Structure formats: structure tokens, C-alpha cells
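These protein sequence lines map, in sequence, to chains A and B. Counting from 1 along the first sequence, just add 18 to a position and that's the residue number in my numbering. Counting from 1 along the second sequence, just add 18 to a position and that's the residue number in my numbering.
Simulated from the structure, these hints should not be mistaken for laboratory data. Check each hint, because a few of them may be wrong.
Identical chains share a label here; the pair holds if one copy fits it or two copies do between them.
[To be verified] Quick list of in silico lysine-lysine cross-link-like pairs, DSS-like style, CA-CA up to 27 Å: (1) 353 - 465; (2) 465 - 82; (3) 58 - 465; (4) 129 - 144; (5) 82 - 222; (6) 543 - 58; (7) 314 - 58; (8) 543 - 356.
Remember, predicted model here, so these are calculated numbers, not experimental data.
Number of protein chains: 2
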Amino acid sequence: MTTTVIQHVLGRLKDLGITDIFGVPGDFAFPINDAICTDKNIRWIGCCNELNAAYAADGYARIKGFGALCTTYGVGELSAICGIAGAYAENLPVFHLVGMPGLATMESRGKVHHTLGNGEFDLFYKMTEPVACARAIMTPENCASETERLIAAARYYRQPVYMAFPLDYANIQVLGKADPIPTPPSDPASLEAAVNAIVAMLSKAKTAIIMPGKITSRLGLQDQVAELINSSGLLYATIASDKTAVDETHPNFIGIWSGQLGIPDEAQTFVEGADCILGLGAYMTDLFFGIIDRSKTMNIELHSVRVGHSVFRSVQMADALAELTRRLPKRTDVKGPKPVGLGEPEGSDNDPITAQGLYPRWEKFLKPNDILIQETGSSTFPMISARMPKDSVIYNQLLWAAIGWATPAAFGAAIASPKRRLVLITGEGSHQMTAQEVGQFERYGLKPIIFVLNNNGYLIERVLCENPGIEYNDLAQWNYHLLPAALGCNGWFTARVTTCGELDAAIVTAESSKTGAYIEVVTKKYDSHPTIKLDVQVFLA
Amino acid sequence: MTTTVIQHVLGRLKDLGITDIFGVPGDFAFPINDAICTDKNIRWIGCCNELNAAYAADGYARIKGFGALCTTYGVGELSAICGIAGAYAENLPVFHLVGMPGLATMESRGKVHHTLGNGEFDLFYKMTEPVACARAIMTPENCASETERLIAAARYYRQPVYMAFPLDYANIQVLGKADPIPTPPSDPASLEAAVNAIVAMLSKAKTAIIMPGKITSRLGLQDQVAELINSSGLLYATIASDKTAVDETHPNFIGIWSGQLGIPDEAQTFVEGADCILGLGAYMTDLFFGIIDRSKTMNIELHSVRVGHSVFRSVQMADALAELTRRLPKRTDVKGPKPVGLGEPEGSDNDPITAQGLYPRWEKFLKPNDILIQETGSSTFPMISARMPKDSVIYNQLLWAAIGWATPAAFGAAIASPKRRLVLITGEGSHQMTAQEVGQFERYGLKPIIFVLNNNGYLIERVLCENPGIEYNDLAQWNYHLLPAALGCNGWFTARVTTCGELDAAIVTAESSKTGAYIEVVTKKYDSHPTIKLDVQVFLA
Chain A
19 MTTTVIQHVL
29 GRLKDLGITD
39 IFGVPGDFAF
49 PINDAICTDK
59 NIRWIGCCNE
69 LNAAYAADGY
79 ARIKGFGALC
89 TTYGVGELSA
99 ICGIAGAYAE
109 NLPVFHLVGM
119 PGLATMESRG
129 KVHHTLGNGE
139 FDLFYKMTEP
149 VACARAIMTP
159 ENCASETERL
169 IAAARYYRQP
179 VYMAFPLDYA
189 NIQVLGKADP
199 IPTPPSDPAS
209 LEAAVNAIVA
219 MLSKAKTAII
229 MPGKITSRLG
239 LQDQVAELIN
249 SSGLLYATIA
259 SDKTAVDETH
269 PNFIGIWSGQ
279 LGIPDEAQTF
289 VEGADCILGL
299 GAYMTDLFFG
309 IIDRSKTMNI
319 ELHSVRVGHS
329 VFRSVQMADA
339 LAELTRRLPK
349 RTDVKGPKPV
359 GLGEPEGSDN
369 DPITAQGLYP
379 RWEKFLKPND
389 ILIQETGSST
399 FPMISARMPK
409 DSVIYNQLLW
419 AAIGWATPAA
429 FGAAIASPKR
439 RLVLITGEGS
449 HQMTAQEVGQ
459 FERYGLKPII
469 FVLNNNGYLI
479 ERVLCENPGI
489 EYNDLAQWNY
499 HLLPAALGCN
509 GWFTARVTTC
519 GELDAAIVTA
529 ESSKTGAYIE
539 VVTKKYDSHP
549 TIKLDVQVFL
559 A
Chain B
19 MTTTVIQHVL
29 GRLKDLGITD
39 IFGVPGDFAF
49 PINDAICTDK
59 NIRWIGCCNE
69 LNAAYAADGY
79 ARIKGFGALC
89 TTYGVGELSA
99 ICGIAGAYAE
109 NLPVFHLVGM
119 PGLATMESRG
129 KVHHTLGNGE
139 FDLFYKMTEP
149 VACARAIMTP
159 ENCASETERL
169 IAAARYYRQP
179 VYMAFPLDYA
189 NIQVLGKADP
199 IPTPPSDPAS
209 LEAAVNAIVA
219 MLSKAKTAII
229 MPGKITSRLG
239 LQDQVAELIN
249 SSGLLYATIA
259 SDKTAVDETH
269 PNFIGIWSGQ
279 LGIPDEAQTF
289 VEGADCILGL
299 GAYMTDLFFG
309 IIDRSKTMNI
319 ELHSVRVGHS
329 VFRSVQMADA
339 LAELTRRLPK
349 RTDVKGPKPV
359 GLGEPEGSDN
369 DPITAQGLYP
379 RWEKFLKPND
389 ILIQETGSST
399 FPMISARMPK
409 DSVIYNQLLW
419 AAIGWATPAA
429 FGAAIASPKR
439 RLVLITGEGS
449 HQMTAQEVGQ
459 FERYGLKPII
469 FVLNNNGYLI
479 ERVLCENPGI
489 EYNDLAQWNY
499 HLLPAALGCN
509 GWFTARVTTC
519 GELDAAIVTA
529 ESSKTGAYIE
539 VVTKKYDSHP
549 TIKLDVQVFL
559 A
């Protein structure tokens, strides 16, 4: 049996654990679309548009390690590109399969549909360069080797890969063979020097803290991270974007550290006062780390280790974790604060829903093993401070911070992990961007619990901008609770709640609902939680 | 009184007739957002997301000649880029105002939100290069001159322009002054040679036909085109994408010519048998023009004239039209076919809605002065064949052909021309892409009539692909007629019609409705109109 170009690529994607490909079909992509739909071990997951497909693949990759989407030429790939950029920023290896016109068409330089009409056919390939770690136009001759090169790049950089398939090449038999490219090993001397440096700094430190990053679990290293924490006895905290990188119910967990954006608490004080901080792939943005002396921080990165101002190249994360676990003595003298969470919810019965009523309720609502997809916005900050139950995870997108990400990302996460309870918390402004994807949950038999916080505008912007009441912070006034029915989520539990009593009742119903649930939570326009301490000078510096 | 960078730019955009700017606010764009909202002569038009804002600006520019949108850095501008590319392909001068971080932030190369985290701040500016005819990062020093350069480029190329505003520069006083750059005049010798060549070819032609392009009306030359047709006595036809470039009720109009995609009819035969074809900015894609001998065709383009294989450079369209009107003798011997339209609608009462029942009804429903926004898809082809009433116009997007364009473009067109009746015809697959923008009509007091053709999937793809029933052509099953209420269009007339009788009744109600109207028209899965004669070999060649 022969293997075509597209079949070969799909086969290798399956080897990575990809069993679902998100996308929107299109004529130039028909060979890819056909190959996906006729492959028994891979599912075509139709999305409403390509941006949503990219966000869905992002959500999927957060859980499965890799994701994929398929779009058509020009119109499709450019619609997705903001989502691909997000995956690049947030270190998610998403394979972007793009159908392109046939070679003869491209050589004719014709005014072809889905082009700019100027006879140029390589523009979109060029435009994607900054947001892909590797790219190729797949042909029968290069398919075997390029597929391995691109997979190796996705594994190495943990960023998106772009693969274009000319219409007349996708179904041609692959020529030649290529072996998978092994992951580069650590340089033994560099590894030893790096681990020596970490051990030395830790041994001198009176107080030290580990900062595990979420990328460790995407690499399948979550057990190694837990082992290092257990064997070293060190305490750990996480940065907002790495929240739940390690279970928050572990006794060594002290809380979240939000750097310049955080509210001073015991965890903040402990982190900032520690003699040293050891990041394990921690997502060290300047916003968070700018206030800590670099000489006190270390970070084990994907392929290097930084200790203070020294960088040790060619050290693989898994090797560094293993060596540290072997060499670090167990400390028994550590003492730190306990994570506190959001406290008791305020209000009951007919009381309006305030921030202090809402967020503690959401915290209590979360259950072990939940997946919480948290949109960027005014609900981000309090939910970062919420205590997460055992084995539950929260995903957010704090670097790229594209509002609208969460709704389709939640869909992608649900496809990746259909048996876990999926909770989406989004503001209504963000939700408006990509809300149509709610209909896909029902189409694919998924039963999320969706909370849409309706505070009559972009609250996070009201907080940040000069004149909170200015018109651009206003939105079209939707009747959100009517949306699921319009989008085909027939029979879902939906509610619009304005009082604490209604919210409590809706949560009870949602918890026992056999269908998806969609709850519009109405609060006052300017009611923000005290954890939103956004200093504009810091945020926009 | 001082003028800031952003105030200066807004002032010049107003000079072009732009009174509304579409967009989504964002922190790096606050100075732009603020300046728009505080300017009494310009409106901020909030959109649900940036792609929709770009499509809305496209629809606006089709009517007003120029359009504008405002997005934030990275996440905003990349979300819009597919729509900007469409405006580029379709020759629509849309000003894309982008808020970017302040200079100090960019120089710090920090891991800033809305970036890729790699310290690079010029990537998005670079990515936009292929889809903008001119670009600038606006500073107090360059503002006066760059604004004129960019406006001149937008006028000259009729394509989008990209203007980025660093956060800390937007509100600084403009330094220096610059005069508007005049439009280049025609080269008198080239103009004379071009007109001589056209007159010579026409005088030798026994049968000739004019093909007016829609770009003439965007240049404000519609009266000159009509004058040329009247004074020359020549017949005219239009290509699908130029339909209604000149009123279809004019006695010299013979019909539409769809080239290789057309159904042979009298107009097709006449065009293809004519001794010469004179395009007036006709949108001559290869798909349409590939079958006609180039030596028989002429086209007056924006800044040049092509006669057969000869190109005359530096000839401005207005000058060529004026000269031709002066010099062409009036022909009285011309005879051609009459446009035929779609015929009488089939079916009544409880008959299901077939294509032959639907499209003739839509044709009859259209009224003088209507604006019809026509989505790309299975409804495109029959509606191209429909006869359009006096002073009505149809807009489509046949080169870029991004499905999803029509719903936001209709919103933009309605903002540009709120007093004319606006009709949107879209397929449901396209509608799902951008449907949330329906809520904006109500928010801004607009009352469109929207038809959503629900044929249970992407019908145009079922026609084109190998296996019409394949899964990727299926969609989430929405209850479309419930959507307006969910999106806040309270009290709109909505209906779901499955029989000819229901359709007739819904049309009657929509026509007299004081609110917006939204009608879901349900047809069979594979019921396509005979005008859809898509030869896959041609379409995907």
C-alpha cells in the first residue's frame, strides 16, 4: 500500500498523540480535509472559523502536548494567525496544516481566488515566519525528511509549525524515507556545571523556593517535578501563568506570586524575601520578575539552565531535574506560609452579586480533577488567587493575552479530555469575540459548565483607562443566557443570575445537570475584586 | 490650540469623508480610542472582534470610498489581518490604526503582554507588509509628512494603509507641517496615445461592449461612466464582481458575463463574440478572462490603459474617461440581448423551498436603491444573475472570497449609509464565522433585512469536493432564527421558513417591519441553482 504526502504527515502526527484536528474546510485544502475524514484514527473537528480553530488547537495542546489545525490558503491561514501567534508566545506546539493552490496555478501567477490578485503565492508563507518555529511546503520528494525536521522543531522549541500542501502534491506517493530526529542530549559537562551551580546556591540559601512552570507537564515531566519537590523538601509557589503546574493541595505549596501586579500577602513576602528562587521552566515575564534581583533567581529552561547571570547551554530539562533529585539533600527546616484562597463568600438570597460574593463561590464550586479555562480580564486576577482542588488545573493565556481565546480553547480542551469536568470562566466582552464556538460543545457531545460574567462592558479596560465610562468600553447588550439555544445547544441548563441566591441555585443545578450549563452572572459595571491592583504605570510601562 | 499626533491623523481622515471608525479597544490603543471618542465629528463603532471590524471597514469603504479601523498591538492587528488582506485584494483603501507599546517598553525588549515574548517589537509591522500599500510608525516628527504620504498612497493604490501609534507618542504635539500630495496628472502624450488606440480599435469593431468596473464608483466617477455610455451609445455588461457598477436598468445593459464559470446565455455569447471589449476598471481575473483573446480586450485601469497587448502608463482613469467621452462618436447601430434575470418563482403554499423557488423570490423582493451584501457561496451565483432594480447595488468579495465577510461588511455598509435599505444574503456556514456582529445593527439603530440560507452545510463545497456527504461539510446545527434575540436584537422580526408560503409571508412582514428582520430560509441539503456550474477543473486549476 502506498502512502501519500498527507497520509504520511497524519501518520506522524498520530505518533505524537494527536487524534483530533480542528479546522475549517476549503477548496485548496480538500486533500487534507479528505485524508483526515477518511483516517479511522483521527477526527475532523469542524470549527465555526479559523481563529477559533487555532484557539481550540491551543487548548488541546495544553492537555495533550501537541495540537493541530487545518485551514485553507490565504483567507483561512490568515484568519488563524493571531491564534498561532498566541501558541508561539505561550509555547504550544501546534501543527498548522494549510492547503495551497497547485503548482501549475502558482506558476501561472494568475488572479486566483484567495490571493491578493498580484500573482504572488509565497506571501502568506512569508507572513507566518515570525510565528512558526519551522515551516515547509510539502512535496513528495521532501515529505519524509521535512516531516521529521518539523516534528523535531516542534518538540525542541515547543512552538507552532507551519506545513503547506500544494493541491496537486498532497495525494502523491511519498518518495524516500527518513528516521525521526532524536532529541539532542545534554552536554554532560554543562549539565554537571549547571547542577553544581544550583546545588551550591541552594546550599547557601537560608530560605529558598521552587517555582514550577506549566511547561513541565506539557513535556510529561510532572512526576519528575513532584519527585524533586518531595525529595528536596523545598516549598514551592507558582507565577500566575503557571498556576497548578503542580497540585495546589501539596503541603509544600505556599501560594501564587504575581510580582508587580500582586497584592502583598504572606506568599508574596516569602518569595520576595527568599535567598533564592529555583524556576522549573517558570514563565518569567518581566512583569512578574522585574522586581527581584536576578542574581537570586535560577531557572531550568527547555534546553539551558540559568543560575543568576550565568547560562549553561545544552542542558535538557529532564536531565537537570533528574540530577537535582539525585543530588539535593532533603531539607527539613523549611517553613513557609499556607495558601489562603479567597475566603468566605459574601451575600445571600436577594443580595446583588458583588465580587466578594462571586469569586469565593466560584472557588468553592471547583472540584478535584476539574479543568478550568480562565479568560484574560477582570476575572483573571481573583481566580489566580483561588485555591484549586486536588488534581484540578487552570489554564490561562497571560502573555499573548488575546481576549476571545478562552471559549474556543475550552472547546479544544474538552475535545482533548472529554471525561473531565470542564469549566469556562469568561467576561462577556471576551466572550463576544468567539462566542459562536459554544455550539460545538453540543455538536461533539461535550457538557461544559460555562460562566459568563456580564458587567456591562470591558471592566479590565475601565480599570486601566483614563475615563472608565468612555464609550469604547461599552458593548452590544446581548441576552447571553439565550445564546446556547440559538447555537443549537438544545436543552442545556441556562440561567441569568443577578442575586447571590440565584447564583447559588444555578450552581447547584449546573452541578447535577446532565447537559451543558451556561450561566450569565450579572454584576455591577464597576464592581472589581481587590486582587485587581493593576497599576497602569506598571502594566503599560 | 495644539494638535497631537492622533488628532492630526483623525483630522485628515475626516477630510477624506471618514466619519466612523470601527474597532476593538485595547490598552496600547487607548490614546487612539480616547481621541476618537472625544472627537465630535467622528464616531467610535465598537465591533465584537477585530476581524469583524476589518470587514465592517471594508463594507464602509465600498460605499464611502475610504474606511478605517483601530486595533491594539499584536492580538488586535493580527486578528484583523485577514480582513485587511481582503481589502487589499479588492482595492479598498482602509486605514488600519494600531496602538503599539511605548518606545521605552520596546527598547527594553521585555516580555511584554501582546508580544511573542522574544523582545521583538517590529514583527507585526513586518507581517503586515504584503497587505498594505504603505506603512508608518507615527511620531511627532514624522506625523505631518507621513500622514500625507500614506493618504496619497491610499488614494493612488486604493489599498489599505497601516499606521502604528506608539503609546507615548500618540498624544504628543505634532511638529512641522506638510501639504497634501496632489494626485499625479496624466502624461499628455501617453493619454493621447491610449485614447487614440481605444478609438481606433472601437472604430474597427463591428460589435463592441463596455465592461464598467465597480472601482469607478469608489473613485466618484460613476457619472462620468454613465456619460461615456450615453455619449458612445455602446452596450455594457459587467463581470460578476463588478455587478451594478452601472445601473442595471439602463437600456444599454445586456447582462452579466461570468466567463468560464458562466452558463451560456445571450449575454455570454454576445460578450465572447464581440470584436472588442472595453473595460473601465473592470476586475479582470483570469477565472473570467482566461477564455477571451487578450488582443480583443482593453481596460482603463487606475493609472494606465491596456489596449490588447500594449500598456500606456501614467494615464489617470478620470482623464481617459473624459477624453473618450469627448472623442467617441455616438453609435446608433448597436443591438444586443436584453438581460433576462431569474424568471418566475416556482412553488407556493406548502411546497418546500427549492432553488427555483427561492432565488426568483429574492430577485423580486429587491427594491430601487437597495444595498445588497452578498456572501460568497452557493447563493452568489444565482444572485449575480438576478436583475437589480434602479439605483440598487450589490457588493460581493469574489477575489479574496473569505466566507464570513458579508455579515460584518453589511454592518459597515449600513453604518455608511443608514438611510438606504440594507439586505444581507448569506449562507449559514459563512454566517457562523462572524454571526455575532448581528447584534451591532440593533446597538447602532440599524434595521437590516437578513436572509440566512440554511442548507445544512457548506453547499458550495459539497458541489466542488469529491464526496459531497463528507463530514467536513457539516456544521453545528444552530437555531438561526433565535440568534437575533440572543444578540440583543430585541423585538426584531425573525422567522424560520421551510415552505414557499412561509417565505412569501415572511418577506411581506419583513418589508413592512419597523425593526430589523432576520429570516432563516431552510432548503434541502443538495438543492443548488442551475447557475452554479462550477467546473472543479476550472475553479481549482
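Quick rundown of the hints versus the structure:
Taking identical chains as interchangeable, the C-alpha atoms of residue 353 and residue 465 are never at most 27 Å apart, the minima being 42 Å within one chain and 66 Å between chains. In this homomeric assembly, residue 465 and residue 82 come within 27 Å of each other (Cα to Cα) only inside a single copy, at 19 Å, whereas the closest approach across copies is 46 Å. Within a single copy, residue 58 and residue 465 get their C-alpha atoms as close as 24 Å, which meets the 27 Å cut-off; across copies the closest is 48 Å, which misses it. In the homo-oligomer, the alpha carbons of residue 129 and residue 144 lie at most 27 Å apart both inside one protomer (19 Å) and across protomers (24 Å), since each shortest distance falls under that limit.
For a Cα distance limit of 27 Å, the shortest separation of residue 82 from residue 222 qualifies neither inside one copy, at 39 Å, nor across copies, at 70 Å. Within a single copy, residue 543 and residue 58 get their C-alpha atoms only as close as 50 Å, which misses the 27 Å cut-off; across copies the closest is 25 Å, which meets it. In this assembly of identical chains, residue 314 and residue 58 lie within 27 Å of each other by CA distance neither inside one copy nor across copies; the values are 52 Å within and 53 Å between. Proximity of residue 543 and residue 356 under a CA criterion of 27 Å is satisfied in neither setting, with 33 Å inside one chain copy and 60 Å between copies.
The structure does not agree with the numbered hints 1, 5, 7, 8 stated previously, though it agrees with the rest.
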